[in-house]
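Undergrad: Given next are the chains, with one letter for each unit.
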Amino acid sequence: MTEETKQEFWRWTESNYRNPDLDWNSAKHITVGVDVGSVSSQAVIMADGAVLAYGNMRTGADSPNSARNALKYALDAIGDMPEERMDYCIGTGYGRVNVPFADRSITEIACHARGANFIYGPQVRTVLDVGGQDIKAIQCDERGKVTHFLMNDKCAAGTGRGMEVFADLLGVPIQKVGDRSFDYKGEEPEAVSSTCVVYAKSEATGLLRKGWSKEQVLAAYCKAMAERIYALIERVGVKAEFAVTGGMAKNRGVMDRVMPMVGLDRMQTDYDTQIAGAAGAALFGYALCQKGKGRKK
Amino acid sequence: MLANYGYKDASGDFFITIDTDKCNGCSECVSACPMSCFEVLDEDPNDPLREDPVAIVSPVKKKSLKYECGPCKPTADPSPLPCVQACPRQAVSHSW
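Going line by line, the protein sequences match chains A and B. Using the numbering used here, you'd call the opening residue of the first sequence number 1 and step up by one each time. Using the numbering used here, you'd call the opening residue of the second sequence number 1001 and step up by one each time.
No lab work stands behind these hints, which were simulated from the structure alone. Glycine included, every Cβ here is placed at the ideal spot set by N, Cα and C. Errors might be hidden in some of the hints.
To be verified - Quick list of in silico lysine-lysine cross-link-like pairs, DSSO-like style, CA-CA up to 30 Å: (1) A:Lys250 - A:Lys154; (2) A:Lys185 - A:Lys214; (3) A:Lys145 - B:Lys1061; (4) B:Lys1063 - A:Lys250; (5) A:Lys223 - B:Lys1063.
Stated by the list, open to error - Derived CB-CB ranges, DEER-like: (6) A:Lys6 - B:Cys1026: 57 to 65 Å; (7) A:Lys176 - B:Cys1026: 49 to 57 Å; (8) A:Asp141 - B:Gln1090: 21 to 29 Å; (9) B:Pro1088 - A:Lys293: 39 to 47 Å; (10) B:Ser1011 - A:Met259: 52 to 60 Å.
Claimed, not checked - Some chain A residues flagged as far from chain B (calculated, every beta-carbon gap over 12 Å): (11) Thr13; (12) Ala50; (13) Pro82; (14) Glu84; (15) Pro122; (16) Asp141; (17) Ala191; (18) Ser202; (19) Val238; (20) Ala281.
Starting from the given sequences, assemble the full structure and let the hints guide the process.
TA: Here is the structure:
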């Protein structure tokens, strides 16, 4: 018997990082933020409010384990820091109540605003987070405090998971979806009419039968996602500067189609945009420790 | 903070907005809503550094607001919404 092995095009790369310039031994407070999302989980370890290390992994079916694995992945990047060294840990994201080692949980809305404020700088006023299964549009002030928010968590249309489905359908590695969608040289195709992942998939199959190229279908789907995302941003309103967090920030195909509608340039960063939620959580932990509200030892 | 709870789907936008700068967590909306859509928490989940009570739309209701709020929104002769009327600080509004 031979078993079928097929490339999994949706698989994005997991990564961890350690800041070589920071030494955890001299830090007063080590705080950890763990963001267990529907598709990805991140753990960010901060030393006195600066990123020391992070781990970014896929979430499995088991939230407590995903949280543990993400933290372990981040600790692996440091190498020699024991887990007991962490002073305070905050869980956020969908699985926030399932982080076994967290001292408390905070909603991802608050954490993403705080995280974007940290990653992109205090000039950020509008944060768009396109995650694995929801879209959040947030307005915040110069301290990263939320002033207006909207989250669509009922439908996965226009989110990262939908893009994974399309990557798999078309056999295009997820990292290349953005560039490939601009490879189509003809006139920009109309957006697929439905943003529902399931219906859009069957519509795309129909388009492929009609003879559309993969690139053309990708362009049509990216456009549909961009329109859906913009409809949500519109309700909250746009104020400069504009920042995007979450995995979709890495997808040029969608983002370069959203930004002309927004009418602004999105800010750029060297940080991994997926860590924003966990970074925000770690910063809240640091703020609580500084206020003397950290863990009782 | 303007907190929008709800969703957007193919049939429209269904959001309840609570202005947390106006809300003082008095619970009038909780008792006014016939479908128990509101809850009052001791701490704002979206603003962890604030320490006053605040009303939120109950997490189990926020994904079905179109239907939960339906009885208060008949298409003919709609009367003023109980939650909007009950709020002494005009902190509650609806998007549809």
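Undergrad: Take the hints in turn and mark each one as holding or not.
TA: Going down the list of hints, with the structure as the test:
Restraint check: the Cα-Cα separation between Lys250 (chain A) and Lys154 (chain A) comes to about 23 Å, which is no more than 30 Å; the hinted pair holds. This hinted pair checks out: Lys185 (chain A) and Lys214 (chain A) have alpha carbons roughly 12 Å apart, not beyond 30 Å. For the given pair, Lys145 (chain A) sits about 26 Å from Lys1061 (chain B) by alpha-carbon distance, which is consistent with the 30 Å threshold. The suggested pairing of Lys1063 (chain B) with Lys250 (chain A) holds, with an alpha-carbon distance near 29 Å, which does not exceed 30 Å.
Restraint check for Lys223 (chain A) and Lys1063 (chain B): satisfied, since their Cα atoms lie roughly 26 Å apart, inside the 30 Å limit. A C-beta distance of roughly 58 Å is found between Lys6 (chain A) and Cys1026 (chain B), which places it inside the suggested range of 57 to 65 Å. A hinted range of 49 to 57 Å holds for the C-beta pair Lys176 (chain A) and Cys1026 (chain B), which are about 54 Å apart. Distance hint for Asp141 (chain A) and Gln1090 (chain B): a CB-CB separation of about 22 Å, consistent with the stated range 21 to 29 Å.
Separated by about 32 Å at the C-beta atoms, Pro1088 (chain B) and Lys293 (chain A) break the suggested range of 39 to 47 Å. Between Ser1011 (chain B) and Met259 (chain A) the C-beta distance comes to about 28 Å, which lies outside the given range of 52 to 60 Å. Here Thr13 (chain A) stays apart from chain B, with its beta-carbon at least about 31 Å from theirs, past the 12 Å limit. Interface exclusion of Ala50 (chain A) from chain B stands, the closest Cβ pair being 20 Å apart, more than 12 Å.
With 12 Å as the threshold on Cβ separation, the claim that Pro82 (chain A) sits away from chain B holds: the shortest Cβ distance comes to roughly 27 Å. For Glu84 (chain A), the shortest C-beta to C-beta distance to chain B comes to about 25 Å, beyond the 12 Å cut-off, and the non-interface label holds. The claim that Pro122 (chain A) is not at the interface with chain B holds, since no C-beta of that chain comes within 12 Å of its own (minimum 16 Å). With a least beta-carbon separation of about 10 Å from chain B, Asp141 (chain A) fails to lie farther than 12 Å from that chain, contradicting its non-interface assignment.
Distance to chain B confirms Ala191 (chain A) as a non-interface residue, since its nearest Cβ pair spans about 14 Å, more than 12 Å. Once the 12 Å rule is applied to beta carbons, Ser202 (chain A) is consistent with being away from chain B; the minimum gap is 15 Å. No beta-carbon of chain B comes within 12 Å of the beta-carbon of Val238 (chain A); the shortest separation is about 15 Å. Its beta-carbon lying about 10 Å from the closest one in chain B, Ala281 (chain A) breaks the requirement of being farther than 12 Å from that chain.
Of the hints listed earlier, those the structure fails to meet are numbers 9, 10, 16, 20, in rising order.
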